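Just so you know, the numbering used here puts 161 at position 161 of the sequence shown, and the rest follows in order with no gaps.
Incorrect hints may appear among the rest.
Derived Cβ-Cβ restraints for the label pairs, each shown as a range [stated by the list, open to error]:
| # | residue 1 | residue 2 | range |
| --- | --- | --- | --- |
| 1 | Gly200 | Lys170 | 18 to 24 Å |
| 2 | Ala40 | Cys63 | 36 to 42 Å |
| 3 | His24 | Lys184 | 25 to 31 Å |
| 4 | Ala73 | Ser120 | 16 to 22 Å |
| 5 | Ala40 | Lys184 | 24 to 30 Å |
| 6 | Ser76 | Ser28 | 30 to 36 Å |
| 7 | Lys131 | Asp176 | 35 to 41 Å |
| 8 | His41 | Glu146 | 25 to 31 Å |
Derived lysine to aspartate or glutamate pairs resembling EDC-like cross-links, with alpha carbons at most 16 Å apart [to be verified]:
| # | residue 1 | residue 2 |
| --- | --- | --- |
| 9 | Lys170 | Glu180 |
| 10 | Lys31 | Asp91 |
| 11 | Lys31 | Asp89 |
| 12 | Lys172 | Asp185 |
| 13 | Lys170 | Asp185 |
| 14 | Lys130 | Asp90 |
| 15 | Lys198 | Glu157 |
| 16 | Lys130 | Asp43 |
| 17 | Lys31 | Asp75 |
| 18 | Lys80 | Glu157 |
| 19 | Lys131 | Asp43 |
| 20 | Lys80 | Glu180 |
| 21 | Lys198 | Asp57 |
| 22 | Lys198 | Glu166 |
| 23 | Lys172 | Glu187 |
| 24 | Lys80 | Glu178 |
| 25 | Lys80 | Asp185 |
| 26 | Lys130 | Asp89 |
| 27 | Lys170 | Glu187 |
| 28 | Lys131 | Glu187 |
| 29 | Lys31 | Glu93 |
It is worth saying that the hints were derived from the structure and are not from the lab.
This one's a predicted model, so the numbers in the text were calculated from it and none came from an experiment.
Beta carbons are placed, not taken as given, at the ideal position from N, Cα and C, and that holds for glycine.
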Amino acid sequence: MLSTTSSGAAAAQRPPPDLQFTIHPSASPFKVSQQAYLAAHPDPRSTYIATGSLVFDTSNQSCPRLLLLQRAAHDSMPNKWEVPGGGCDDDDESILHAAARELWEEAGLRAAHLGAPVGSPYFLQSRSGKKVCKFVFPVQAETDSEGRMDVTLDPREHQSFVWASEEEVKAKRIKDMEIEFTHKDLERIVLTAFGQFKTG
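When you get a sec, could you build the whole thing from the sequences and use the hints?
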């Protein structure tokens, strides 16, 4: 189902919550800052790190659905789809904290637990010419008393969201709406995440 839930400018200006979450042991290499990680893993393809969050709605175990956000029509890559995420800031405590912060800023969701990145990272170049390495993490988000996740968008960046099934991602279509990802490698990672979810 397509939704455009947003609280306007207030969504973009709300202060971030205290980022408290647990992690899977396999995510430990990312408990360091962007600067520390890049120093320990030099790669000519990247001088910055970005993150993405794979958030599943598992209320129907037989048909899990993944949160996808549609980029704003006035922004770069207009109307394309992605998972919540963005670049690490210099003052982020760790890469994992950057992922949790971006999830809050872009979707209004609090991260409860993060796992190790799904698949291999991919490399891209930003509009300003930055060479970026992007890691995409599985994230369990906090829910309300009824087990729901209340998504709230930042309208400066995204205009709508969907909870997409694996079949819809493969078909690149939800009813009469086309789903085009911002990057082919992100689409690959999303499908890998569905496969990992099914196998536990």
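Can you list which hints this structure breaks, lowest number first? Violated: hints 4, 8, 15, 17 and 28.
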